[in-house]
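6 protein chains.
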Amino acid sequence: MTTADTPLFEMLKRVTTDSLATILLKKGLRNQWVRGPMPLKLDYPRTIGRAFTMRFIPVREDVPGAMARKLPVNRDAVEVMPEGCIAIADARGVTAAATFGDIVVMRMAKRGVAGIVTDGAVRDRNGLLSIGLPIWTTGITAPPPATHLMLAAWQEPIGCGGVAIFPDDVIVADVDGVIVIPSALALEVAEAGLEQERLDEWQMDQIKRGVSLADLAPMPKK
Amino acid sequence: MTTADTPLFEMLKRVTTDSLATILLKKGLRNQWVRGPMPLKLDYPRTIGRAFTMRFIPVREDVPGAMARKLPVNRDAVEVMPEGCIAIADARGVTAAATFGDIVVMRMAKRGVAGIVTDGAVRDRNGLLSIGLPIWTTGITAPPPATHLMLAAWQEPIGCGGVAIFPDDVIVADVDGVIVIPSALALEVAEAGLEQERLDEWQMDQIKRGVSLADLAPMPKK
Amino acid sequence: MTTADTPLFEMLKRVTTDSLATILLKKGLRNQWVRGPMPLKLDYPRTIGRAFTMRFIPVREDVPGAMARKLPVNRDAVEVMPEGCIAIADARGVTAAATFGDIVVMRMAKRGVAGIVTDGAVRDRNGLLSIGLPIWTTGITAPPPATHLMLAAWQEPIGCGGVAIFPDDVIVADVDGVIVIPSALALEVAEAGLEQERLDEWQMDQIKRGVSLADLAPMPKK
Amino acid sequence: MTTADTPLFEMLKRVTTDSLATILLKKGLRNQWVRGPMPLKLDYPRTIGRAFTMRFIPVREDVPGAMARKLPVNRDAVEVMPEGCIAIADARGVTAAATFGDIVVMRMAKRGVAGIVTDGAVRDRNGLLSIGLPIWTTGITAPPPATHLMLAAWQEPIGCGGVAIFPDDVIVADVDGVIVIPSALALEVAEAGLEQERLDEWQMDQIKRGVSLADLAPMPKK
Amino acid sequence: MTTADTPLFEMLKRVTTDSLATILLKKGLRNQWVRGPMPLKLDYPRTIGRAFTMRFIPVREDVPGAMARKLPVNRDAVEVMPEGCIAIADARGVTAAATFGDIVVMRMAKRGVAGIVTDGAVRDRNGLLSIGLPIWTTGITAPPPATHLMLAAWQEPIGCGGVAIFPDDVIVADVDGVIVIPSALALEVAEAGLEQERLDEWQMDQIKRGVSLADLAPMPKK
Amino acid sequence: MTTADTPLFEMLKRVTTDSLATILLKKGLRNQWVRGPMPLKLDYPRTIGRAFTMRFIPVREDVPGAMARKLPVNRDAVEVMPEGCIAIADARGVTAAATFGDIVVMRMAKRGVAGIVTDGAVRDRNGLLSIGLPIWTTGITAPPPATHLMLAAWQEPIGCGGVAIFPDDVIVADVDGVIVIPSALALEVAEAGLEQERLDEWQMDQIKRGVSLADLAPMPKK
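Chains as they are written, first to last, in our numbering: chain U, 1134 to 1355; chain Y, 1134 to 1355; chain W, 1134 to 1355; chain F, 1134 to 1355; chain P, 1134 to 1355; chain V, 1134 to 1355.
Everything labelled a hint here was simulated from the structure, so no lab data went into it.
Please read all numbers here as calculations on a predicted model, not as lab measurements.
Accuracy of the hints is not assured; some may be wrong.
No copy is singled out in the list; a pair is fine if it fits within one copy or between any two copies.
Subject to a maximum C-alpha distance of 30 Å in a straight line, what follows is the list of computed DSSO-like cross-link-like pairs (lysine-lysine) [claimed, not checked]:
1. Lys1341 / Lys1146
2. Lys1243 / Lys1341
3. Lys1174 / Lys1354
4. Lys1341 / Lys1354
5. Lys1243 / Lys1159
6. Lys1243 / Lys1354
7. Lys1354 / Lys1159
Given the sequences, and given the hints that come with them, work out the whole structure.
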């Protein structure tokens, strides 16, 4: 997160992932909600950041031994993550081994990473809860990454939970999961999202007063 | 729920879904527990109502534009739901888009709907929790229904979580999930369920006093 | 199939499901290929017809015994199918019981049904092959429908293999599976499909002569 | 649990399933974490015991009526479980019927069973929580076992959640799930696990003080 | 197969698995068709035999090294199979490693085994086809059993493709898959199956002559 | 394929994927068989080549419109494939859209590509069969790639069917599927594979003559 992102992120903090999904659908983007990851704890604040993508592949027992090309590991990736980013991992839906564990997550917290998303699993539930860094994950597990996964690369286009994610996309995560906003659309989506929130509030207010869904009054112009 | 249902529902409030499943199995009904939906919150009271069925199909992008036949929407269905019913949705197991969101659910609460069951997902977890209307759902999501689903009809026979459900079946939902009782069997199942509860209590009492499972005394006649 | 459909169907016979999927995607319809069903035999001719939809739900052991409302059965549906239609069944992906067996299929052949599609299974593989009526199915099985399924209704909007299907949609099925064309779009899709076939042939011809994909010449206007 | 196990179990109480998975992987055992079961409640203490294996198969309606060989039932198994064991069930991943219910679990508690693991489901969530015996389960359900499952045998080698389990293997279960330690390796794994815990603590301490992952100092010898 | 089975098996050769499934359903046995296995080749004759059950569990890398109890292997099981049996394997649905390969299958053929059923996979497709022993399998694979599976026992009650199978059950396998007939019911099921075949033929004959499904004449008594 | 590979590939042509899987397992490589892809036609010759990896991600509707970074397409990749390679695609298991269609495959054939492997699907079954280039695929489909997938990159490490694949790994594909041999191990695996074939033949010969599995004579040294 650069300071240039501050106004954008301030707006997005007031927009639910639900409203963002609605706005993105209206713009023809049907597939921006990441299937699988849910918050490890339900009272994280809404979390926003630029995507730092990580890509995992299945483990191979001869790596690194018999291999010409050395692969990076989680620890290498962590040290290049920019402050305020959201680390988002394509773990291929593998939940029988962790994508992240507590030591790496503690270092990510120290470096100012804003949040973590994985379509795989994390381990050390209690340790992660005490660190407090917000995490959206598909599962909890005990085995270390190397049981099933190897980090192949970072900051490449990835798929995560069935959604395309490019480095620097804007990630918004809350109690209803994770939404990906293409970088070029972020500002207009945020603005339309705020308007959607205003509409929802307007309608909810009428419903509470007993108006039927058919009789909702149109929202007055601001 | 009509007042005619009051005595039946009062009985059922004292019978767990576990005992109902046991009784239904004894009557040859093996498939009355809805696979998937669990309560959004664990402290809802046991919830009972006649089924108001809703049927969803996959979305099609040309609807309603290029289509001769106009489909209804959630909002239409809500306004015809009878007080005390349980709205139960055949969402085809789709959890990447909501079957219901908070505005519609607030209106359902206003109209006196007793509860909601879906084999798909709901969105706006916090909003739904604050409304308080009891909800059994297979998932939480952010995208609106139109991302993947269209309402096709209501009050038809449906499948939900692998179970056949007919309009006006009796739905009982608690912390162990959702049971469907065929309307014609509801009274006898409720009566046998109460007797099952009495048996469980009798047996549990002996177990607590150290009796082995082989030595359980038969329950005295009432 | 009415005689009014003859010119349309003649055009569609010359268009692959691949080209139809391409054209539908260009028109913004991303989800018209039915996931699951494949031809029982690979040398059926391309088969085209108006959709006669059938909707199945999970079986319930008390039906029809304890039930007020009598459900129809396959046999009832067959006798109202119009000549030239394609019977397409929403079997909820259940492949552990047949949607159709050989006696019913023989009657469908007698009545002039053009083809059968199910996202479930059929039984009596050899009998069905000898009848010859073209069938696209997700599985082969032995148990009769009543083991797991009941017919709930026909000529309603359904989902089949993840796709919305309305009565009278145009179904095209070949060796690459089943495509659904919304009725209102059928003519323009067929015309664009024929043009797509011409383009494919033009390009394939160049590729065969060694032209690279980058150097393909544009197709001359007809 | 015999008194001979006391020192081993005391050691294991201080080792997370995460560290055990790491140690087992280093010894070439890649598949010792049971996929599926999670604790019914997050604040159970870490639970350790020798495996008492139970093996379920799909139910058959003619059992026991038309069958020559009588099968045992849960109740028979419970009365032979040794004090301090962990009952671990191969339920074939079936979650539409319970592997265990509250009456049987209460008797298991009375007999001093240390914990329960199933790759299927349990029923009577509230009853089980009030009994307090620690349970790791893949699902919650309402129907009784006989809806889908029959107990076939106990104290045989089984698979559970994709892992081989032999009678008297050492089971360790905590907030990150369930680890199986082959009996012959238990002591050396426990000792290496304690050392792993010391290493984690050493590293975490440095990370908290701002050391980067690349600059971690090696742990001093004890 | 003992000579005592000859008359029973002669009857069953003339009954399809479809008719057997229908008859078993009428007797209240809803779950006797094995989900998954299909014939490796479509022109095997209908194959009938008593079940020789085999039970596999997930592999563990320390077996047999660090294990007290030695497990049997495929080769041991094959040498005790009675002539005319059908070897049926509970492979837990694992298709990433073979349950059987060509050398073992050749020996089974030599010993007079009548057929093989697995809910897992076989390997060496060409070798198996040339041996000719009829095989019903869920998949084809290359890796040997030890990659993922260990034989745990034989002639125990097992589950296979979601169905309970006891040693000496009667297995019937044809082009529509595999049916399990409980031993005690085999004769009456075979007799009713023959009658069902006669009914099907009677009805099919009428349908071919243009009779509608509603107008089928009742079958005359034999 | 360079001429340097000729002797290696000649050896591998005589080794089944089964024997290769056995040898790799003995060397500690448990996960080298690609789950999913099977040959489009059963009589392709065994096909061998160096891996040309392709990586797909889920489609996004704003690509390329609203995106800063332009992605490559299939057509770009094809023009850089070396003669004799096997193009192997990480399609994330998506079978509702093709990874390859007939025009691209014809160009690949023209460029001397040896074979194609995808854990997704191909389209235009008949066209691909007539081109004849050997293809291993998980599914057949009609929709074009852009319906669900975008090519993200080539010649990167990928996962395909649950297996890690690096550029220039040796791919061997036959009637039992696809095996991946790490480049550094290819020669020793090929040599051990030939020896394994000789052992299999030796054993099979004895079995055919009636020797039991227990009595197999050890193979004489060459």
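How the hints compare with the structure:
{"no.": "1", "hint": "Lys1341 / Lys1146", "verdict": "both (25 Å within a copy, 29 Å between copies)"}
{"no.": "2", "hint": "Lys1243 / Lys1341", "verdict": "between (45 Å within a copy, 7 Å between copies)"}
{"no.": "3", "hint": "Lys1174 / Lys1354", "verdict": "neither (38 Å within a copy, 37 Å between copies)"}
{"no.": "4", "hint": "Lys1341 / Lys1354", "verdict": "within (21 Å within a copy, 51 Å between copies)"}
{"no.": "5", "hint": "Lys1243 / Lys1159", "verdict": "between (39 Å within a copy, 29 Å between copies)"}
{"no.": "6", "hint": "Lys1243 / Lys1354", "verdict": "between (45 Å within a copy, 27 Å between copies)"}
{"no.": "7", "hint": "Lys1354 / Lys1159", "verdict": "within (20 Å within a copy, 36 Å between copies)"}
Hint violations for this structure: number 3 only, all remaining hints satisfied.
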